[in-house]
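Q: Could you slot chain B onto chain A? The hints should help.
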Amino acid sequence: MDRKIRVLVGKPGLDGHDRGAKVIARSFRDAGMEVIYSGLHRTPEELARMAVEEDVDVVACSILSGAHNTLLPRVVECLKKEKGTDELDVLVLAGGIIPVEDVEFLKQNGVDEVFGPGTSTQDIVEYTRANLKR
Amino acid sequence: MYLHNQVIQGLRDRKRAALARAVTLVEDGSEHAQHILEEAYRLKGRSKIIGITGSPGVGKSTLVDSLIEAIRERGDSVGVIAVDPSSPFTGGAILGDRVRVRSRTTDDGVFFRSLASRGYLGGLSRNTGDVITLFDAFGFDYVLVETVGTGQSEVDIMRYAHSVLVVMAPGLGDDIQAIKAGILEIGDVFCVNKADRPDADRDVAVLEAMLGLNKDWQWRPPVVKTVASQGKGVPELLDKIDEHLGFLKQGNLLEERVSRSYLAALEANLRRQTVEHVLSKSRSDGSLDCALKQLSEGKTYPAALARQLVEKYLCSGV
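Protein sequences, first through last, are from chains A and B.
According to our numbering, the first sequence holds residues 1 to 134 in order.
According to our numbering, the second sequence holds residues 1 to 318 in order.
Bound-form chain A, shown alone:
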């Protein structure tokens, strides 16, 4: 049996900048993971549906629009609805331009970790490997 780690790299909301998302997708790929990239401008409902159908271990959202406090809790909520449980077996990560004072709020709302600008991709990959939920 060869268990592969699968990651959905998601771009929720209206910002059109996905260089960061592509860099992190590439880093997950180079770490031997299978990465599904959602493409730009996805709704939380769409990302949750993708996460279920692709049966991913990780949902990593990149967001630079400033709407993270609205969109990311909604992603978590939709994931719970799609999966039919409050106990998610998916690791939810966020990255992008997210002020430190918002991190606590996001963590209270189901985001497992937030990675700001300047985080090394190696750190993100290591964190991911160490914190998988299944």
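Don't read these hints as lab results, they were simulated from the structure.
Every residue gets a Cβ at the ideal spot worked out from N, C-alpha and C, and that includes glycine.
It cannot be assumed that every hint is accurate.
Stated by the list, open to error - Per label pair, the in silico range of CB-to-CB distance:
{"#": "1", "chain 1": "B", "residue 1": "Leu-270", "chain 2": "A", "residue 2": "Thr-119", "range": "45 to 51 Å"}
{"#": "2", "chain 1": "B", "residue 1": "Glu-255", "chain 2": "A", "residue 2": "Gly-110", "range": "28 to 34 Å"}
{"#": "3", "chain 1": "B", "residue 1": "Glu-255", "chain 2": "A", "residue 2": "Asp-123", "range": "52 to 58 Å"}
{"#": "4", "chain 1": "B", "residue 1": "Asp-199", "chain 2": "A", "residue 2": "Val-100", "range": "54 to 60 Å"}
{"#": "5", "chain 1": "B", "residue 1": "Ser-87", "chain 2": "A", "residue 2": "Pro-99", "range": "34 to 40 Å"}
A: Here is chain B on its own, set in the frame of chain A:
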């Protein structure tokens, strides 16, 4: 309750999370997979299975997007399996088909799954045949299987699909490409996509000429022009695919294709199991190391050694 029982119950109840998990277990080669597949083989037999193949960049994913639309317009349900390549170095992959397949993501009549080829070279992943069976068991009206961008010889899809759609784009080759063996021989329906480009009509003519060389077709593959990004020509394309499926049914040729897919699945499993058996036996009793040493000393050659190992581990007791 065992994991596989949970998944099987979920498949019967048509829960999409259960189908998703079943695909993962089959792709990973989990011990739960065989129980799930046993049940899936009992449930299957309803879906029309369409293979979609062609070179990288001809617009396969965009065409899948508009085919989903056309199928849903008719009220039928559709499952999509999209295969992209794995890195030969890290085993990782970027599965990018969702970037193009943008509409109907949350439509309950659509299920989309991306697979990585995981080192398998036929244009699919090693277990795509079994994944198709899972989708069929779930009961979609159509199952679309999009291969990795293919070159000229990745023709595995013909073993599993009822109908194979070969997608091309203008300007990618002259008429010598069209008479080569391989991918052009497996099409049941051809599609020249990006047909708003200037060379499209010329390419259609070249294809038609190639197909015209054969005079005794049972089924003469039609050539359809599409502009997938605008949905143009796509309902007509779906009609042609349905026509082909109707032709197969009428001539009792569908069973032939289905039994071909059983043979392919059996063959793939036999290969894997025998190779794994011989390798693990010869590794554990040291004869693999011994064989490699003989090879490096130039005392024998690989084919002869392989025969010896097969005789030793597979023919004993027969």
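Q: Against the structure, test the hints numbered earlier, and report the numbers of the ones violated in rising order.
A: Hint 2 contradicted; others consistent.
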